[in-house]
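Colleague: Here is what each chain is made of, one letter per residue.
Number of protein chains: 2
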Amino acid sequence: MPTYTPPLRDMHFVLHELFDVTAQLKQLPPHGEIDADTINAVLEEGGKFAAEVITPLNLSGDSEGCTLDKATHEVTTPKGFKAAYQQYVEGGWPALSCDTAYGGQGLPHVVNQCFYEMLNGANQAWTMYPGLSHGAYEALHAHGTDEQKSLYLPHLTSGEWTGTMCLTEPHCGTDLGMLRSKAEPQADGSYKITGQKIFISAGEHDMVSNIVHLVLARLPGAPEGSKGISLFLVPKFLVNADGSLGARNTVFCSGLEHKMGIHGNSTCQITLEDAVGTLVGEPNKGLQAMFVMMNTARLGVGNQSLGLTEVAYQNAVAYAKERLQMRALSGPKAPNLPADPIIVHPDVRRMLLTARAYAEGGRALSVYTSLQLDISLAHPDEAVRNAAADEVAILTPIVKAFITDNGWNATSQCMQVFGGHGYIHETGMEQFVRDARINMIYEGTNAIQALDLLGRKVLADGGHRMRTFGQKITAFVEEYGTREDMQEMIEPLSDLGARFTKMTQGIGMKAMGNADEVGAAATDYLRVAGHLVFAYLFARMAVVALDKKDSGDPFYQAKLATAGFYYAKLLPEVVSLMRTGRSGLKPLMAMDESMF
Amino acid sequence: MPTYTPPLRDMHFVLHELFDVTAQLKQLPPHGEIDADTINAVLEEGGKFAAEVITPLNLSGDSEGCTLDKATHEVTTPKGFKAAYQQYVEGGWPALSCDTAYGGQGLPHVVNQCFYEMLNGANQAWTMYPGLSHGAYEALHAHGTDEQKSLYLPHLTSGEWTGTMCLTEPHCGTDLGMLRSKAEPQADGSYKITGQKIFISAGEHDMVSNIVHLVLARLPGAPEGSKGISLFLVPKFLVNADGSLGARNTVFCSGLEHKMGIHGNSTCQITLEDAVGTLVGEPNKGLQAMFVMMNTARLGVGNQSLGLTEVAYQNAVAYAKERLQMRALSGPKAPNLPADPIIVHPDVRRMLLTARAYAEGGRALSVYTSLQLDISLAHPDEAVRNAAADEVAILTPIVKAFITDNGWNATSQCMQVFGGHGYIHETGMEQFVRDARINMIYEGTNAIQALDLLGRKVLADGGHRMRTFGQKITAFVEEYGTREDMQEMIEPLSDLGARFTKMTQGIGMKAMGNADEVGAAATDYLRVAGHLVFAYLFARMAVVALDKKDSGDPFYQAKLATAGFYYAKLLPEVVSLMRTGRSGLKPLMAMDESMF
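As given, the protein sequences belong to chains B and X, one line each in that order. Following the working numbering, the residues of the first sequence are numbered contiguously, the last one being 601. Following the working numbering, the residues of the second sequence are numbered contiguously, the last one being 601.
Errors might be hidden in some of the hints.
Claimed, not checked - Derived pair list, reagent style BS3-like, types lysine-lysine, alpha-carbon separation capped at 30 angstroms:
id	chain 1	residue 1	chain 2	residue 2
1	X	Lys75	B	Lys84
2	B	Lys338	X	Lys290
3	X	Lys290	B	Lys515
4	X	Lys326	B	Lys232
5	B	Lys187	X	Lys326
6	B	Lys326	X	Lys232
7	B	Lys326	X	Lys326
What the hints assert, rightly or not - Label pairs and their calculated CB-CB ranges:
id	chain 1	residue 1	chain 2	residue 2	range
8	B	Lys477	X	His430	43 to 49 angstroms
9	B	Thr487	X	Met514	30 to 36 angstroms
10	B	Ala28	X	Gly513	52 to 58 angstroms
11	B	Gln92	X	Lys53	30 to 36 angstroms
No lab work stands behind these hints, which were simulated from the structure alone. Backbone N, C-alpha and C fix where the C-beta goes; we use that ideal spot for every residue, glycine too.
The following block holds chain B by itself, in its conformation from the complex (with noise of 0.2 angstroms):
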């Protein structure tokens, strides 16, 4: 079975070393007075929940599944989650980052970042059971009325109930658009409410009391389209003013879907039946409200990615060092057993520096987003808040896409460490690639992911944004282009931006006179940004380690070796990349509908 270490090393250095985030936090009122011993102690705790109490329920959760009890319309989560949520809500994790007026703790995104990927990388399906839920938490406390923050707000922080997002339909996932559920306005002020919804993640189960459906529907006479669309809350029970649960509401459990992965959680098909909602924003501005937590949505599935890609990695690594199976081709490295661990093999360090590489770039990436994102809620100066919300918006789809195709690449890699032995169930190597798979399809696709970064962060505004946070990448080259250890970085860095604005000047230029052009080159387009950004943040992290690396912990040297494998090995993927976005349109248009 699979074992986790919470990267604890790993996660000071990111935070503390490379972001120095308590000085950063400092200048943001609500966060100003958290140091650097609190962040370690919550994520150290964190960490034990994580390794201690969800990591041994993630193999046999994926082994059990959830079954539904189609009478009572009741889901059943596999043995153990039920008590370890409880275990989680007694330890007052649900209120981590939320707002302290409803109860929360209000720590910064940056530490729920950590401590989620811990979630993550011990068991993405139970962790989808809180993560949700404080989407749901976000959306509602963005967009609700006083009256409906102060009924649910303080049950979805104490995380005495949970919540959910129920969007997709089975006619529509990426075009919500066409979305046909409807609200029918009711005497008293609210909505009954009726339809189908498909792939609703924790849509159902038994760990809590009272279950909060956010729910996209149509009003009478709404607009067609994604204008026409409404935003409800519609709970499992509903609630009394005083806040004790009343009837029963009809919305139910309808099925349960049979998935590839993250069987461990409940993805639920649910139908409303004139269950009864009340409306969260404004009419048909639906999509908007919910885009609220889509965005931390998207943010929190790179990170499910990235705590897979780590925990594939802790394991590959054990079973690396620990199988014997041939020599080195250079000869013995351990004559004196049967065989050389098969660690000595170049292919085998191969598979795991590339595992290893795209969680230390993701960790590190995943951080500076998220510490994007508490500035640009929280800075006093409008301008710093606005600069800090336009990198989040550029980081955003590279997060969700970028991390989540290095962490499908790096989890098969990791299986593929363990030969035959990877496609048995119970090394557990094979369900972090099937759980990974998800993270590339929901909460938009990462072509979606890609045709947001190109179409609406990048040309939409002419590169201003994108050109902004180059002059990050530019000022770094600037001051350590001198720098006699960096060479080996600074210049296929420097070389990568030049060539990156080339890139996208090339495709807004073709774009003009083709839109589908965009389509074209989005893909290539957002993988070369995510390893602009990846060879950045490993610049940055090499000149910290270089400074200690003569410190005696080998921390520093290992920081500096898997920056180096980074540019020698994955890096160069940009240069087939660029080839395959500047040969643009055409190859892919070239054979009529009809042939295929």
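Following the hints, complete the assembly by docking chain X onto the known chain B.
Modeller: Below, chain X without anything else, positioned relative to chain B:
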């Protein structure tokens, strides 16, 4: 539920228009009489069996899996598997490419290749039962005594019995030199074999009256390592001299592996307890004997992923034409529908064409290699036989690793076309991905294939065999170098050939300094070699298609579009691979083992 349409048109193109196989086979005495009509008729009937009989069992077989009765050690295959197998036997299909001396039909490998591609596309898990059996047939045919052959081959040929390959043990897979199973000689010339095997595909099942295990084990006093391994025939039921079945032998299925995919195949733990066996081939030369079937099995594994790539492509195309979601960025393409079919989106086409190009390239490569195999076995001129065998040696690891890596990529992309629906079991797309994953592992992991290619096949003979194959490409480039409408392919092909030669030389030089440089470069090298071969074959296909593009048959336009896509969007991967290959061993070894 997925459907499968035998790709007969493309097979006819590859067999007859591209390679003119009947003209080639005419030179081989055993196959001199076979004509195109016969080949096409066999494939049409075979395709019907694949599409109509075993396709409908694929998804249900995955859901149901195999079950072991621990009391009787008997395994029950999924519903319908046994009846389908009976129909297969009644149709005479097991005999297709078997020796006429034992009741076979004696058809060439190149026909069997296409037949098996269809079986694999329809149902890989089911196809492994006859597939493994054919491997055992080949080893026995090559190395068995006359008595073994006359007792066993007719039953394997008819399909009444099936065979297995029992190699792997818990502590060794890649490194068979470590295996521990023991064979004790008996007074009557037989052996008693004791040991524990794992991962034995089709190791026990309910389809046939007897199962013939080919088992690797050690004789008393045998040399250590791979030079002390012998091969034994161990039947489930002992076989009397008259061919009738005798006592149940003490070879048992002691457990079924729980796997990521190929659930319909019974992957067994096999326990031998003084099981009666007879020696196959010479003592201590079991590994060489096993390699006879290992090499064709490797071609067979590539063929599995070829089949999966094709079927995943077909189903993704159907979905992309039917699923309505969003409008094309360049404006509505189906204004009368509520949204455009997703095939209008360039990124969806990229995913579809990736699978299509990998299927068509894989088919051309596999058919070419099978034809060389036939020539290597049956050409009257020894020099021709040897030249063909050299090509098979070079191409086998490419077929195995390049096609299976591509198949993993392609099936995953086809699944992505389905969005969230691809993650759901019922669409069948995620099964293709899970099934495809094993092909990168078994019959020698893809890293082992890469070492085989670069170390044993290329560097070991100073690059002679690879250069000889390269001369074919050079001759092609010279022949078509002046043809205007081939310039878009000839130039990159010629360029890649030259760079590949340099890459080979560069690695060869480095390897003289440190043998681990081979392991560091092998995986990148194999992928570059695979692309070189695909680029050559796509260019050859383009020549044929260009000459017929005005024939009115849209097939040729489509072939040109696919070849153009391949050159524009897939082949550029080589640019990155050459860089990473060139960066060598150092970035892989910079980190001390203790720091992982």
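Colleague: Now look at each hint and say whether the structure bears it out.
Modeller: Hints and how they fare:
no., hint, in the structure
1, X:Lys75 <-> B:Lys84, "holds, 26 angstroms"
2, B:Lys338 <-> X:Lys290, "holds, 28 angstroms"
3, X:Lys290 <-> B:Lys515, "violated, 63 angstroms"
4, X:Lys326 <-> B:Lys232, "holds, 26 angstroms"
5, B:Lys187 <-> X:Lys326, "holds, 28 angstroms"
6, B:Lys326 <-> X:Lys232, "holds, 26 angstroms"
7, B:Lys326 <-> X:Lys326, "violated, 49 angstroms"
8, B:Lys477 <-> X:His430: 43 to 49 angstroms, "holds, 45 angstroms"
9, B:Thr487 <-> X:Met514: 30 to 36 angstroms, "holds, 34 angstroms"
10, B:Ala28 <-> X:Gly513: 52 to 58 angstroms, "holds, 53 angstroms"
11, B:Gln92 <-> X:Lys53: 30 to 36 angstroms, "violated, 58 angstroms"
In terms of the numbered hints stated before, the structure departs from hints 3, 7 and 11, listed from lowest to highest.
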